[in-house]
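Trainee: Here is how the chains run, residue by residue.
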Amino acid sequence: MKKVKLNANIFTLCGGIIAGFVTVLTVMGFFWTPYDPNAMDADAKKLAPSLTHILGTDNFGRDIFSRVLEGAGTTFIIAVSVVAIGCLLGIIIGALCGYYGGAADVILTRICDSITALPSFLLALVIVSVIGAGTYNIIIALGILFIPSFARIVRAEFAKERERNYIKSAKLMGVSDLRIMLVHILPNTKGVLLPAITIGFNNAVLSEASMSFLGIGVQPPFASLGAMLSESQTYLSSSPWYAIGTGGMIVLMILGFSLLSEGLSRNSSKI
Amino acid sequence: MDKELLLEVKNLSCFYEGKRKGLKKPERKQVLKNVSLKIYKDEIVGLVGESGCGKSTLSKAILGLITDCEGDVIHYSKLPQMVFQDPFSSLNPEKSILWILEEPLRAQGVPKQERKERALKMLDRIGLGEGYANRKPDELSGGQRQRVAIASAIITHPKFLIADEPVSALDVTVQAQILRLMKELKDEFDLSYLFISHDLDVIYQICDRVMVMRNGEIVEENETQKLFDDPKHPYTKKLLNT
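These protein sequences, in sequence, are chains V and R.
Under our numbering, the first residue of the first sequence is numbered 1, with each subsequent residue one higher.
Under our numbering, the first residue of the second sequence is numbered 1, with each subsequent residue one higher.
Simulated from the structure, these hints should not be mistaken for lab results.
Take the hints with a grain of salt, since some may be wrong.
Now the in silico label distances, taken between C-beta atoms and shown as ranges [to be verified]: (1) R/GLY142 with V/VAL27: 45 to 51 angstroms; (2) V/VAL27 with R/HIS157: 39 to 45 angstroms; (3) V/GLY215 with R/GLU27: 57 to 63 angstroms; (4) R/GLU27 with V/TYR136: 52 to 58 angstroms; (5) R/LYS38 with V/LYS160: 35 to 41 angstroms.
To be clear about the criterion: a stretch of chain V counts as covered by chain R if any three or more of its residues have a C-beta under 8 angstroms from a C-beta of chain R, and this derived list gives those stretches [as the list claims (entries may be wrong)]: (6) 155–167; (7) 172–178.
For every residue, glycine included, the Cβ atom is placed at its ideal position computed from N, Cα and C.
Full structure from sequences and hints, please.
Mentor: See the structure below:
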């Protein structure tokens, strides 16, 4: 028992520190970067990391650290929006399906299942090719694709809780259905919802990075971690710090939040 | 006999859907057969029978928690409440005891200040005291949880309460305490109970009148003392002998 608790704390602690560090860097990037991320300097092309340019400069002489900060900001906003859309709509759909059941539940569950059955990346490609590339469009495309995973876990929790006696009591007391769903049941789903949100955030970061890497996400000259990684591969041999700096940021982001998610889910399953 | 009628059940039949076998339509199993009963003000009516005989189905049907029913259930009192057997799933695990006690009042639009006062008073009445107000259900024992469940059921002053095996998950000393509390609360709050149990000892301790149920039918009904002294139906005799 004691060991489990210790492990969970280490996961949450390390994850929290890394995720917090990444978040602070990202938020800082919104307000201040050492250099203008888009300012080119013909005299400072492909400089190796130094005290003036911590992560070096790229092929246009732009400061990589500044661009990583800005790119992380873009990726962060996209990931948060995607998770927000997926989580919110997923909760609404899952809650209604799980609580009321019936034919609508069966139909919506099947739709969610069929969306999950297809490779999500392929579906994102299809949606983007229909509505076009660009920052807002990949938020919409990924957001839609993230709905089923949230809807499924929320539905399962609601269907389980609905049968419990405290819900029957609440009904007998004359509490409204909406209040039962939001105030009585929803807080009881946080044990599975919080880890799902952090995992979802990771997946969103990765999806954005891969889509931008393939050139169907964020369009140049805007920086996003995926777009920068895609640029950097051309100069992998001549200026490897470009790929390392950008990739390192993605790794930190993912690592921090997956550790956090691992810690959270261990904490909740412990009880 | 000029007692106020609280509940009348007329010719109630209830059905459950059986398991689906292959593509065949699931069988419709009849759980209650033509049950009729009346419950008056100020009485504790026991419902006894083996597990699976339809006792819990009857209670759920009375409260409208089962929809596949035929016959009439007429309530002459507002918002009848229920206390369940399992004290672990009858309280919301995420909420504090005070919140749980306040929620029925909140649903009726009682103002905040009065709500808190009444909840704290109730907490005190059931012997838990203010120290428990901010605890979560998982910090309480089974008996304490059942006290809270009873309190939150009666805090809005309903006239009629169904108690479905309220003490059978508890050990014997705690059972006696809960039964005593229920008796006291009955007088203080002007309550009537439909008290469901498989345990004749418990029924004998608390009930004024007993109904014996077997396979979805009420086979015998009498005042508690008379039923225990002079059982008529062979099934009742068998129950009393075991």
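Trainee: In ascending order, which of the hints set out earlier in this document are inconsistent with the structure?
Mentor: 2
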